[in-house]
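If you read the protein sequences in the order shown, they are chains A and Y.
Following this note's numbering, the numbering of the first sequence begins with 103 at its first residue and continues without gaps.
Following this note's numbering, the numbering of the second sequence begins with 9 at its first residue and continues without gaps.
Quick caveat, the hints were computed from the structure, so don't treat them as lab data.
Among these hints, one or two may not hold up.
Under the rule of at most 30 Å between Cα atoms (straight-line distance), these lysine-lysine pairs were calculated in the DSS-like manner [stated by the list, open to error]:
| hint | chain 1 | residue 1 | chain 2 | residue 2 |
| --- | --- | --- | --- | --- |
| 1 | A | K149 | Y | K92 |
| 2 | Y | K62 | A | K149 |
| 3 | Y | K126 | Y | K184 |
| 4 | A | K147 | Y | K18 |
| 5 | Y | K109 | A | K147 |
| 6 | A | K147 | Y | K92 |
| 7 | A | K147 | Y | K366 |
| 8 | A | K147 | Y | K88 |
| 9 | Y | K62 | A | K147 |
| 10 | Y | K352 | Y | K366 |
| 11 | Y | K88 | A | K149 |
| 12 | Y | K379 | Y | K146 |
| 13 | Y | K366 | Y | K344 |
| 14 | A | K149 | Y | K18 |
| 15 | Y | K44 | A | K149 |
Single-letter residue listing:
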Amino acid sequence: MKTLPCSALLLAASLSTAAWAAPEAPREVLPFLENDYAGAVAQAKAKGVPIFVDVWAPW
Amino acid sequence: MRAFVFTDAKLERHAGRFVWLSMNTEETSAGPFLEKFPVEGWPTLFVIDPRTEKVALKWPGAVTVPQFERLLDDGERAIKGASKGLDAQITALDLAYGQGKHEEAARLGAKLAAAAPKDWPGRPRAVQMWLLALYELKQWEPCAKTAVQEREKLPRAAAYVDVVNIGLGCASELPKDAPGRAALIAPLEKAAKELLAKRDIPIAVDDYSGLYGGMVDLLEERGDADGARATAEAWASYLEGEATKTTSPEARTVFDPHRMTAYLKLKQPERALSMLQASEQALPDDFNPPARLAVVYREMGKLDEALAATERALARARGPRKLRILSTRATILEKKGDVKAARKALDDALAFAATLPKSQQYEGSINSVKKQRDELKEPAPATPPAKTP
Chain A
103 MKTLPCSALL LAASLSTAAW AAPEAPREVL PFLENDYAGA VAQAKAKGVP IFVDVWAPW
Chain Y
9 MRAFVFTDAK LERHAGRFVW LSMNTEETSA GPFLEKFPVE GWPTLFVIDP RTEKVALKWP
69 GAVTVPQFER LLDDGERAIK GASKGLDAQI TALDLAYGQG KHEEAARLGA KLAAAAPKDW
129 PGRPRAVQMW LLALYELKQW EPCAKTAVQE REKLPRAAAY VDVVNIGLGC ASELPKDAPG
189 RAALIAPLEK AAKELLAKRD IPIAVDDYSG LYGGMVDLLE ERGDADGARA TAEAWASYLE
249 GEATKTTSPE ARTVFDPHRM TAYLKLKQPE RALSMLQASE QALPDDFNPP ARLAVVYREM
309 GKLDEALAAT ERALARARGP RKLRILSTRA TILEKKGDVK AARKALDDAL AFAATLPKSQ
369 QYEGSINSVK KQRDELKEPA PATPPAKTP
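Hey, can you work out the whole structure from these sequences and the hints?
As structure tokens, this is what we get:
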């Protein structure tokens, strides 16, 4: 089984807060409505398109 | 999905094809939706016909961008209902699975897999649906057998990994002394080892992570401590490498629970500390980093820090996951010898669960808290000092 060299492990283990705080999170490119099923049904009926739903939880 | 798929610029061209809805099941406002459309895991993806409010397609689990695009096409076609031949068969399979008719879905999946040419693009997903239906039906042996047989007919792509993963899961669920269990596990284990050694199929990191986790469990069950440790180390190294490639805290924290599990398997909880502390600092409203820190501190024996972490997590959590945080808090209090406070934490968890909408009162979580409460042990009474004459 493939393993990373020790240096990569050390690098990952010592990730600094600065590295975490860096760039802005990439934005979702699809216009999601948040927790508004009734609104989604109304919009979809008006536009004549289906609804796509992502059911998730902060993990 | 939110951090790695829905951010892909290639998907912009699909924006007008659907109305896009995101349902966070930690919000009580998701209750009515979940009553209508129950889920068994996270994420679960749906395509819903707004005219009938019925499910046209349901997909449990994360997907890659190409898989996602395929789901959009299949969902749209299921609603139009105009397809013929194999397309009509996969639409019927999607409808059956989406509406929880798992026996029908398993039958349709088997039929479609037999009828479709090996190179038909919908075939891998049909095999996945077939296996998922068998999994839902807890038909462990047919599920594992199907995975073993179908694996070889699939192209080496994302569905192949899923089939190995689901098959291994089903085989592992068979009773340990079931005849044929080892023979079913062997080819799937070999395939999983080969997949993890090469990791050449582009799939989500958490799918490879799931495969590593399944392998560690399997090796532990077999009593192969050295093999389990080596696999867990490879798992942790892989995830650490992937985490360094991410460009935002949101993307990086996706790996936190996987990394934490690998470190706990290695009995090295301290390796998770800097990662989780950084996550908590970067995402101060998220209950997950302090909830995970509580587990890590508990495993390190730092019980006061663990309790403080549960307090921070509880202050940020609103939904069903509060039960798990309170359950962790109870284990910490029990370790400190404060059984009364541990019992109160579990009572608080059950009282909180009762306030949630019915669809968010997850039976498994509630039963687990009740069991934990029943099993709380009173500390042994202190032995009175021997009387001196």
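Hints, verified against the model:
For the given pair, K149 of chain A sits about 26 Å from K92 of chain Y by alpha-carbon distance, which is consistent with the 30 Å threshold. For the hint linking K62 of chain Y to K149 of chain A, the alpha-carbon distance of about 17 Å falls within 30 Å, and the restraint holds. Straight-line distance between C-alpha atoms of K126 of chain Y and K184 of chain Y comes to about 34 Å, which puts the hinted pair past the 30 Å bound. Note on K147 of chain A and K18 of chain Y: the hinted pairing holds, with a Cα-Cα distance of about 26 Å set against a maximum of 30 Å.
Restraint check for K109 of chain Y and K147 of chain A: satisfied, since their Cα atoms lie roughly 26 Å apart, inside the 30 Å limit. Distance restraint check for K147 of chain A and K92 of chain Y: the Cα-Cα separation of roughly 26 Å lies within the 30 Å cut-off, and the hinted pair is therefore satisfied. Restraint check for K147 of chain A and K366 of chain Y: the C-alpha separation of about 28 Å stays at or below 30 Å, so the hint holds. A threshold of 30 Å between alpha carbons decides the hint, and for K147 of chain A with K88 of chain Y the separation of about 14 Å falls inside it, so the pair holds.
Distance hint between K62 of chain Y and K147 of chain A is fulfilled; the C-alpha atoms sit about 13 Å from each other, no more than 30 Å. Restraint check: the Cα-Cα separation between K352 of chain Y and K366 of chain Y comes to about 23 Å, which is no more than 30 Å; the hinted pair holds. For a cut-off of 30 Å, the pair hint linking K88 of chain Y to K149 of chain A stands: about 15 Å separates their Cα positions. Proposed proximity of K379 of chain Y and K146 of chain Y is supported: the alpha carbons are some 23 Å apart, at most 30 Å.
Between K366 of chain Y and K344 of chain Y, the direct Cα distance comes to roughly 34 Å. Violation of the 30 Å bound is thereby established for this hinted pair. Only pairs whose Cα atoms come within 30 Å are accepted, and K149 of chain A paired with K18 of chain Y is accepted, the gap being roughly 23 Å. Distance hint between K44 of chain Y and K149 of chain A is fulfilled; the C-alpha atoms sit about 23 Å from each other, no more than 30 Å.
Violated hints, in rising order: 3, 13; the structure is consistent with all others.
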